[in-house]
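Each chain, letter by letter, is given below.
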Amino acid sequence: MLESEELKRYNRHLLLPEIGFAGQEKLKAAKVLVIGAGGLGCPVLQYLAAAGVGTIGIVDDDVVDFSNLQRQILFATVDVGRKKAEVSAEKLKALNSFVTVQVYPERLNSENAAELFRPYDLIVDGSDNFPTRYLVNDTCVALNKPLVFGSVFKFDGQVAVFNYQNGPTYRCLYPTPPTADESPNCSDIGVLGVLPGLIGLYMANEVMKLVCGIGTPLSGKLLLLDALENRTSIFTVRRSAAADQPAPETIAPENCQAPKPIIAQVSLMELTDWLEQEEDQLYLVDVREPQEFAAYNLGGVNIPFADLPNKLTQLPQDKTVVFCCATGQRSLAAATLVQDAGFTGEVYNLRGGVLGS
Amino acid sequence: MQVKIALFGITKEIIGASKLNYQLSEKADVNQLLSSLKADYPALQKLTSLMIAVNDDYATPEQTLSAHDEIALIPPVCGG
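Quick note, the sequences are listed as chains A and B, same order.
Residue numbering for the first sequence is 1 to 357, as defined by my numbering.
Residue numbering for the second sequence is 358 to 437, as defined by my numbering.
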C-alpha cells in the first residue's frame, strides 16, 4: 500500500489513468538492477528512483573521475575518487527515501552475474564495454529476465528491449562479440554529454512501460538516435537461432576478444629520451583527432585512427614507428592494425598516452 | 541499380558521410553489397559484427536487394 506521503509524491502519476494507483503499486513492488552507474546509469537511476521503483540495485566497481562530470549527472565535484555505486545510492536515498537501494560495488563477471541478477525482475544495461554487454545479455537469457538496453557512440545512441516474452536478444542483432578495437569507446573517441541523458531517459521510459504494462515496448525493435541530425530510426528485429547460443557459461569476458599480437611498448620517459637522442631514427604517429593533436602533442605526424588504413604506405619501413594517443588504447589498436596489415618495420606503442597517465 | 545507404556509428567515420548513394549490379544480395563496400572501403573489413537493415527490417545475408532500397549499416556500439 502507498503511504500518504507517497500519494503526494506520486500525484502526477496517480492522475494518469494509464498508471494510477495500480501502476504506482506495480512500480513500488518492482525490483530493477542497473548495470553501470555511468552516463546512461545516472539518468536511469535518477528517474527510476523519482518514479518510485521500490527496489533498485546498482552494479559498478568504478570510482568517480573528473572526466565523468560532463555527463554523469548524479555526481558532484566533491565526489571525485569515491565509488560511483555508493555515491549514487546516497543521492537516490536523498531523492526518495521510499526506495530501497542495493549497492554492489563490484565488477560484473561470469561468476557473480547470475547471483546478482536473480532477485531482480528486470535488468538495465548501461555498461561501457562489449564483454559486459554480452555477459548481461546471456545471463538475462539464461534466467529469463527482460533486458532494457542502451548504448552510445559520439552523437549516436541505440535503445532496445531484449528477451521480453520470448522476443529477440542482443545476439539476434549481433551474434558474434566484436573485437575490442572495432568500435572505440567513449574514453577514446569522446561522447556528447547530453547523449547518454537522452538515451538513458529512453531506457527509463521502457522500464516504466514494462513495469506498468502500458504502451508498446521496444521489443523486437532497435531504436537509433542521431543527436546531430535529430534523426530517429526504428528497425525491426526477429528472434533468431543466435538467441540461444552459445550457452552463457562459455562466455567468459576474455572469450569476447580475439587474441592480440604482442606489440612492443615504450614509456613516455623512454620516448622522450629517444626523441632527444635519435629523433631521425623515429617516426612518431599520433592517432588522435586533429583537435586533440592541436591542443597538445609530442611532435610527429597526426594520422587520426580512422584514416590510418588508407595511409599505411606512408609509414617508413626503415625507421622505428611509434604510435601514440591520449591513453595508449587507440595507439595500441593502431599498432595492431599496422602489424596485422603486414607492415614489417619496427612498431611500438606509447604506453599510457601522451600525458603519461 | 542504385540503393541508398544510411550509415551509423563507426561506419559513418570509415565512409566519411552519414548517407551514401551506391551503385550495385541488378539483383545483388546483402552479401554482395557488403563485399562490394568492403572492397571500396577497406577499413570496413575489420568489422566482424555489423547489422544490416533493408527498409527498416533486419536483413539476412541472402536477401535480394531492389533498386531504391533504403539500407542501413548499424555496427554495435558499447559506450555507456
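For the record, the hints were derived by calculation from the structure and aren't laboratory data.
Among the hints, erroneous ones may be present.
Stated by the list, open to error - Here are the simulated lysine to aspartate or glutamate pairs, EDC-like style, with alpha carbons at most 20 Å apart:
hint, chain 1, residue 1, chain 2, residue 2
1, B, K395, A, D340
2, B, K376, A, D307
3, B, K376, A, E229
4, B, K361, A, E229
5, A, K221, B, E427
Claimed, not checked - From chain A, some residues computed to sit far from chain B (all C-beta separations above 10 Å):
hint, residue
6, E6
7, F21
8, S67
9, F98
10, L143
11, D244
Remember, it's a predicted structure, so these values are computed and weren't measured experimentally.
Using N, Cα and C, we set each Cβ at its ideal position, and we do this for glycine too.
Here is what the structure says about each hint:
Restraint check for B/K395 and A/D340: satisfied, since their Cα atoms lie roughly 17 Å apart, inside the 20 Å limit. Our distance criterion of 20 Å between C-alpha atoms is met by B/K376 and A/D307, whose separation comes to about 19 Å. Straight-line distance between C-alpha atoms of B/K376 and A/E229 comes to about 12 Å, which keeps the hinted pair within the 20 Å bound. For the given pair, B/K361 sits about 17 Å from A/E229 by alpha-carbon distance, which is consistent with the 20 Å threshold.
At roughly 17 Å between alpha-carbon atoms, A/K221 and B/E427 fall within 20 Å of each other, so this suggested pair holds. Every CB of chain B is more than 10 Å from the CB of A/E6 (nearest about 31 Å), matching its label as outside the interface. Every Cβ of chain B is farther than 10 Å from the Cβ of A/F21; the closest lies at roughly 34 Å, confirming the non-interface assignment. Look at A/S67: its CB is around 13 Å from the nearest CB on chain B, clear of 10 Å, so calling it non-interface holds up.
Listed as a non-interface residue, A/F98 keeps its Cβ farther than 10 Å from every Cβ of chain B; the least gap is roughly 27 Å. Distance check on A/L143: its Cβ is at least 21 Å (rounded) from any Cβ of chain B, clearing the 10 Å threshold; non-interface status holds. Under the 10 Å C-beta cut-off, the non-interface status given to A/D244 relative to chain B holds; the minimum distance is some 17 Å.
Going through the hint list in order, the structure satisfies each hint without exception.
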